[in-house]
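Taken in order, these protein sequences are the chains called A and B. Just so it is clear: in the first sequence, position 164 is 164 by our numbering, and no numbers are missing. Just so it is clear: in the second sequence, position 234 is 234 by our numbering, and no numbers are missing.
Everything labelled a hint here was simulated from the structure, so no lab data went into it. Each hint should be verified, as a subset may be incorrect.
[As the list claims (entries may be wrong)] Far from chain B by the CB rule (all over 10 Å, computed), these chain A residues:
hint : residue
1    : THR173
2    : SER197
3    : GLU271
4    : ALA321
5    : VAL349
6    : TRP387
[What the hints assert, rightly or not] These stretches of chain A come out as covered by chain B in the derived footprint (C-beta under 8 Å, 3 or more residues):
hint : stretch
7    : 201–211
8    : 307–318
These figures come from a predicted structure and were not determined experimentally. Backbone N, C-alpha and C define an ideal beta-carbon position, used for all residues, glycine too.
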Amino acid sequence: MTKLSLLNGRLLDSGDGTSSTSDVFIAEGRVVALRQPPEGFVADQVFDIEGAVVSPGFIDLSVHLREPGFEHKATIASESNAAVKGGVTTLCCSPETAPPCDTPAVIELIREKAELAARSKVIPIGALTQGLQGESLSEMYALKGAGCQVVSNGMRAVANPLIWRRALEYAATYDLLVVVRPMDPWLAGSGTVHEGSVATRLGLPGIPPSAETVAVAQILALVEEIGTRVHFSCLSTCRAAAMIGAARRNGLPVSSDVAAHSLHLTEEAIEGFDPIAHVLPPFRTFADRDGLRQAVADGMIQAICSDHQPHEEDAKADVFAATEPGISGLETLLSLTLDLVDKGRLSLVRALTCLTSGPASVLGIETGRIVVGGVADLCVFDPRANWQVGEQTWISRGRNTPFWGETMRGKVLLTLVNGKVVYRDSDPR
Amino acid sequence: MISVRDLQLDEQGRLRHFLTVEGLNSEWLHRIMDTAETFGSVRERQVKKVPLLRGKTVVNLFFETSTRTRTTFELAAKRLSADVLNINVAVSATAKGETLLDTIRNLEAMSVDMFVVRHAGSGAAHFIARHVAPHISVINAGDGRHAHPTQALLDMFTIRRHKPEFGPLKVAIVGDILHSRVARSQIHALKALGVTEVRVVAPRTLLPVAVESLGVKPFCDLDRGLEDVDVIIMLRLQKERMEGALLPSEREYYRCYGLTSKRLAKAKPDVLVMHPGPINRGVEISSAVADGRHSVILEQVGHGIAIRMAVMVLAMRSGQ
């Protein structure tokens with residue numbers, strides 16, 4: 001197996017946030033030494049990455065790969081390729097495929113395709129209910145047998161609180177993590193955007209913030225009784241973040257994440273009925289956006305995800321409410337997160353924690369940190385380098401990003417998975 | 001974020017499409033009304049036609065059924081000597097699985113000049129305007145809950161005919177504000193024309209959140225909402241509002257929000273009573289008021305043709 005040296009990079013100390021220039025030595029897919037090479041170490045490949053940051057590879061808790069079933073939108077191969085370009089070395093993929101990921105066969109199919117693609121690691125999330133119909137339990141024991149550790153009903157509704165309770169109990173039986181995207185289907189109704197002044201002016205049916213807080217309150221009450229590990233994904237309101245943060249402080253086994261685009265955009269983004277800004281949960285108010293940023297800074301929210309949902313062009317070519325929600329986000333995850341560092345909202349350490357060790361501890365996996373002996377899933381990026389979102393740089397099959405055409409700061413130079421180079425920026429620095 | 005202004009007006013500030021009242025200033029609204037005035041006489045002629053749109057093809061593209069609006073648009077186009085094609089898409093192409101864009105592309109291929117669009121989805125006219133060939137103008141004949149700009153303009157036209165100026169007026173819009181595209185367009189128009197006070201009156205279930213952000217004063221009590229107003233605009237209550245727990249019954253609605261002669265007395269003595277139609281007698285308005293001396297409801301219908309003629313001519317001009 002190849003031996004690699006990454007020379008003159010900046011390593012961050014997650015304790016005090018200081019960075020020091022350091023070399024990283026990799027062999028057998030693991031980090032074998034920092035600073036000084038092990039005795040007799042001869043690298044097959046040497047990268048001089050002077051000035052760039054060496055970070056653990058990013059762990060993305062919410063990604064739609066679209067395969068099986070929606071290959072006209074994207075494939076596991078295309079999107080895991082986009083992932084490593086974004087510095088993502090591990091991603092959790094949604095069970096909302098066709099057929100849904102509710103059998104070991106689908107888990108195995110996803111895993112095989114991911115191995116064949118040989119880019120980022122893929123953690124398939126199993127369906128919480130059969131066919132994601134929200135009515136009867138999926139065969140969670142069988143899913144676990146196929147290696148599944150996480151279950152979710154994705155964006156699909158669960159019929160009623162009793163089914164939620166049973167599903168959480170049954171998941172707890174096999175110590176599965178349940179990922180919940182909190183949105184009460186009754187309160188959300190036919191809404192597609194934040195229920196606020198922009199929706200009122202445009203005459204678009206809205207989704208009130210209570211659709212999220214009611215769903216969170218309901219699940220928290222059940223977790224209090226049952227104790228299942230629950231991760232709330234893609235929050236849109238700062239109120240929900242506070243509720244989950246408080247429950248966590250009280251010892252409940254809950255955590256949460258937010259999509260990077262929700263830390264930037266607000267309800268104004270839908271102005272002119274822009275279908276690219278049609279996303280669920282919807283972009284909300286400036287107060288929510290700023291509150292979510294603060295919740296990330298305070299550690300109330302543990303992870304930032306991409307909530308990557310690639311679409312073909314036709315999915316967005318219709319009257320607003322008839323378009324499919326979602327944003328292609330893998331490739332802008334790092335830049336959007338670093339932008340908050342530039343704006344002084346997050347420290348660099350906190351930002352990277354939310355992309356690495358934060359989501360790693362949600363999943364209970366060993367990656368997400370750089371330690372001697374640890375798996376060499378790494379991302380090397382230049383926080384100062386600019387790149388333009390567009391034709392020349394984009395890899396994902398879904399071009400549905402509100403940031404198309406924008407210049408972004410923070411560029412991935414090199415991505416390693418199990419000590420192997422899976423992405424290398426072609427632009428000479 | 002997409003700029004609507006750039007979509008609706010061209011570089012010279014001319015009307016390319018007519019999608020919404022939002023963003024049009026008072027000068028623009030008066031220009032449309034002034035143009036409509038010049039067409040007022042056409043209906044009195046022996047031959048009710050002017051040749052302004054001769055040789056042009058106007059397509060009434062209705063994805064939602066409507067008799068009144070479609071008829072007035074059709075008459076307006078015919079009085080301008082245009083050829084008119086009525087397409088009821090609700091029962092044709094898209095029902096067969098054709099996408100909206102494909103429907104548009106097919107009609108474009110037939111060399112038409114203008115689309116008059118009615119659609120149940122908010123933003124439909126914007127979507128079509130963004131995607132049509134550059135020589136085609138799009139007129140919004142109602143999109144979802146968003147806008148119905150020609151209706152609002154004909155209402156302003158009616159008010160202008162009866163009231164010397166907009167500035168000092170107090171106007172109350174009563175009824176289902178939440179679902180009403182008419183109310184939204186009226187609010188924008190009244191604000192642009194400088195009306196002092198625009199009130200919206202409805203139970204909380206039929207008022208959109210943050211409605212004050214549109215620059216209006218919300219009232220839940222009809223008697224208080226009507227105090228001292230110069231114009232009352234009643235909105236039609238759809239029967240389906242009894243479903244989904246928005247209202248308990250028509251009876252209770254009428255009791256609280258029905259416009260009766262007794263309630264009308266709260267308003268100014270020369271108050272105008274308007275309604276975009278079709279009216280539900282005994283649900284939102286009593287027959288005595290609908291047919292009474294303050295009512296200008298039928299006059300509104302007649303003005304609809306003149307306003308639609310004006311908008312068509314102004315929009316078609318920029319395309320040449």
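Going through the hints against the structure:
Distance check on THR173/A: its Cβ is at least 38 Å (rounded) from any Cβ of chain B, clearing the 10 Å threshold; non-interface status holds. Distance to chain B contradicts SER197/A as a non-interface residue, since its nearest Cβ pair spans about 4 Å, not more than 10 Å. Once the 10 Å rule is applied to beta carbons, GLU271/A is inconsistent with being away from chain B; the minimum gap is 4 Å. The non-interface label for ALA321/A is inconsistent with chain B: the shortest C-beta to C-beta separation is roughly 5 Å, within 10 Å.
The Cβ of VAL349/A sits about 33 Å from the closest Cβ of chain B, beyond the 10 Å cut-off, so the non-interface label holds. For TRP387/A, the non-interface assignment is confirmed: its Cβ lies about 22 Å from the closest Cβ of chain B, beyond the 10 Å cut-off. Proximity of the stretch 201–211 of chain A to chain B, defined as three or more residues with a beta carbon under 8 Å from a beta carbon of that chain, is established by the 7 residues found. For the stretch 307–318 of chain A, the proposed coverage by chain B is satisfied: 3 residues have a C-beta within less than 8 Å of a C-beta in that chain, meeting the threshold of three.
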